[in-house]
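Input sequences plus hints: build the corresponding full structure.
Going line by line, the protein sequences match chains A and B.
Each residue of the first sequence is one higher than the one before, starting from 1 at the first, in the working numbering.
Each residue of the second sequence is one higher than the one before, starting from 269 at the first, in the working numbering.
All the pointers check out, no bait thrown in.
Only pairs whose alpha carbons sit at most 30 Å apart, straight line, appear in this in silico DSSO-like list of lysine-lysine:
(1) Lys285(B) to Lys484(B)
(2) Lys83(A) to Lys323(B)
(3) Lys323(B) to Lys338(B)
(4) Lys502(B) to Lys484(B)
(5) Lys491(B) to Lys428(B)
(6) Lys285(B) to Lys164(A)
(7) Lys338(B) to Lys428(B)
(8) Lys491(B) to Lys502(B)
(9) Lys503(B) to Lys484(B)
(10) Lys285(B) to Lys503(B)
(11) Lys164(A) to Lys83(A)
(12) Lys375(B) to Lys83(A)
(13) Lys323(B) to Lys375(B)
(14) Lys503(B) to Lys277(B)
(15) Lys338(B) to Lys164(A)
(16) Lys497(B) to Lys285(B)
(17) Lys164(A) to Lys428(B)
(18) Lys277(B) to Lys484(B)
(19) Lys491(B) to Lys277(B)
(20) Lys503(B) to Lys491(B)
(21) Lys164(A) to Lys385(B)
(22) Lys83(A) to Lys277(B)
(23) Lys323(B) to Lys277(B)
(24) Lys277(B) to Lys502(B)
(25) Lys375(B) to Lys164(A)
(26) Lys484(B) to Lys338(B)
(27) Lys385(B) to Lys375(B)
(28) Lys285(B) to Lys83(A)
(29) Lys83(A) to Lys484(B)
(30) Lys484(B) to Lys497(B)
(31) Lys484(B) to Lys164(A)
(32) Lys338(B) to Lys83(A)
(33) Lys277(B) to Lys164(A)
(34) Lys323(B) to Lys164(A)
Hints are computed from structural coordinates only; laboratory data are not their basis.
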Amino acid sequence: MLELLALTYVMAAAGGILVGAISLPLAFSRSTLFALTMTHSVLGGAILGIYLNSALGLGVPVPITATMVSLILSVLAAELSEKIFSEDVAIALTVAISTTITIIFGYLTIQVSSTGLSEVWFYVAGTSAIATVGDLIKMATAAIIVAPLMHLISRELKYISFDKDGAAAMGLNVRVYRYLFFSLTAFATSTLASTLGVLATHVLLAVPGAVAMRFGKRGSLTASYTIAVALALIGYFTAQLLEIPPSGGIGLISGLVIMGLILGHERR
Amino acid sequence: MSVKIEVHKVSYSYGLKAALEEASFELDSPFFCVVMGPNGAGKTTLLKLMLGLLKPMRGYIRIMGHDPLKESSVIRRLVGYVPQVVNIDHHVPITVEEVVAMGALSKDIPPRIMSRKIRRRVEEVLEVVGLEDSSCLFTELSGGQRQRALIAKALIGEPKLLLLDEPYSMLDFDMRCEIAGLLYRLYGEEGIDVFLVAHELSPCIHLDPMVILLNKRVYAIGKASEVLKLENLKKAYPGLTEVPAGFILGEDHA
Chain A
1 MLELLALTYV MAAAGGILVG AISLPLAFSR STLFALTMTH SVLGGAILGI YLNSALGLGV
61 PVPITATMVS LILSVLAAEL SEKIFSEDVA IALTVAISTT ITIIFGYLTI QVSSTGLSEV
121 WFYVAGTSAI ATVGDLIKMA TAAIIVAPLM HLISRELKYI SFDKDGAAAM GLNVRVYRYL
181 FFSLTAFATS TLASTLGVLA THVLLAVPGA VAMRFGKRGS LTASYTIAVA LALIGYFTAQ
241 LLEIPPSGGI GLISGLVIMG LILGHERR
Chain B
269 MSVKIEVHKV SYSYGLKAAL EEASFELDSP FFCVVMGPNG AGKTTLLKLM LGLLKPMRGY
329 IRIMGHDPLK ESSVIRRLVG YVPQVVNIDH HVPITVEEVV AMGALSKDIP PRIMSRKIRR
389 RVEEVLEVVG LEDSSCLFTE LSGGQRQRAL IAKALIGEPK LLLLDEPYSM LDFDMRCEIA
449 GLLYRLYGEE GIDVFLVAHE LSPCIHLDPM VILLNKRVYA IGKASEVLKL ENLKKAYPGL
509 TEVPAGFILG EDHA
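Set out below in structure tokens:
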């Protein structure tokens with residue numbers, strides 16, 4: 001039991017590292033709403049994957065289908081906002097498409113599979129508060145891929161957010177950096193959602209970056225990592241204590257952090 | 269003397285809305301040139317075309333004989349660009365050092381690591397523009413200091429030409445004069461040609477710069493004292509009946 005607990009907390013810490021790397025760039029590039037699109041897309045993609053596996057027996061890992069759908073819809077949102085609509089309208093349209101996929105394939109999945117509903121539920125609320133070796137491997141692999149790559153492009157992302165035209169004038173390929181960032185975010189979101197659920201993933205992606213921007217020294221990445229790891233660890237502990245899914249624990253702790261920040265801000 | 273900037277019958281439009289219609293002019297080095305015109309005259313579009321960020325629909329542009337579209341890497345080496353402060357996202361937590369260093373780092377290939385040499389160069393250009401603390405956040409600076417930091421970013425690559433988009437916007441009159449003085453010093457002492465777009469000339473009128481009157485087309489080009497005449501201004505600013513005080517002495521002086 002102790003080993004399982006250790007495994008769970010190591011996995012939570014890896015998830016925190018994954019979130020810490022993404023959350024701050026999301027906050028300073030004003031892309032937190034974009035992350036919301038991705039969590040919706042991941043849910044739609046996961047349900048599509050579950051349906052295709054159940055109905056057609058494809059055997060494609062659900063996180064792969066979820067990541068692919070998330071990537072496609074993220075690119076769609078980026079293209080729509082760059083060429084046709086304002087960003088909020090592009091996001092709303094993309095969320096509408098992913099919600100439609102979720103509803104249609106969620107309904108169809110229930111028709112063809114008796115276990116489909118529980119699989120779908122895992123993507124909404126997360127798996128159990130005790131992690132498996134598979135969860136740990138998945139999360140650690142994602143953290144090992146995403147965190148160094150994010151560090152590699154963080155300076156450019158920051159500058160592009162600061163001055164898009166200036167960055168383009170200096171020869172930075174704004175579109176390539178943006179799509180790389182969105183791809184890494186889609187991958188991270190899909191990995192996190194398969195364990196924590198889409199609801200907790202969005203909260204977890206939003207809070208550390210926002211708090212680091214507001215209170216961290218110069219919006220530091222260290223603050224983002226620290227807050228993300230702490231939220232994941234305390235969230236898992238709370239989930240085990242209250243015997244609820246990890247998404248519930250993380251959501252609860254994130255909610256308390258936000259309330260604490262609001263109260264702290266009021267007192268100032 | 270070689271032609272440093274050549275804009276030949278350049279047209280550009282955003283959808284159906286024309287931004288530039290067969291705009292043409294030539295500038296020989298050395299020059300300190302101010303492009304003036306009303307809102308929507310195509311001033312910023314002209315800068316973007318000169319930087320190769322937009323492609324002319326008709327006509328062509330040459331900067332020191334180079335095509336900004338086909339020889340963008342050469343243009344980036346020769347030209348320093350100072351964006352409009354209002355187009356910058358002040359919400360991003362970026363230090364002055366990071367802003368200025370990006371002017372040099374962008375010329376490297378990733379990963380762009382801030383070496384000791386680049387840090388030293390950042391300190392040097394900050395000294396040129398009169399800024400001291402490179403560790404503070406860009407958002408902690410005053411309007412004039414922000415403009416200086418952006419000029420420092422453009423200077424770090426040792427450009428031959430500075431392109432500036434509304435460098436006087438959001439500044440009070442004294443600050444505008446300080447920035448104009450700094451730019452004129454860069455022009456006079458460092459031999460850097462200056463090409464800026466602005467709504468008014470008052471901060472640098474005493475420098476008698478070159479002026480281009482633009483409103484989709486180029487209506488006049490020459491020394492300020494020759495160009496800023498009512499007959500020319502009426503063409504670029506339809507509805508104008510007299511030369512506004514701000515064009516010559518600055519409304520703040522009036």
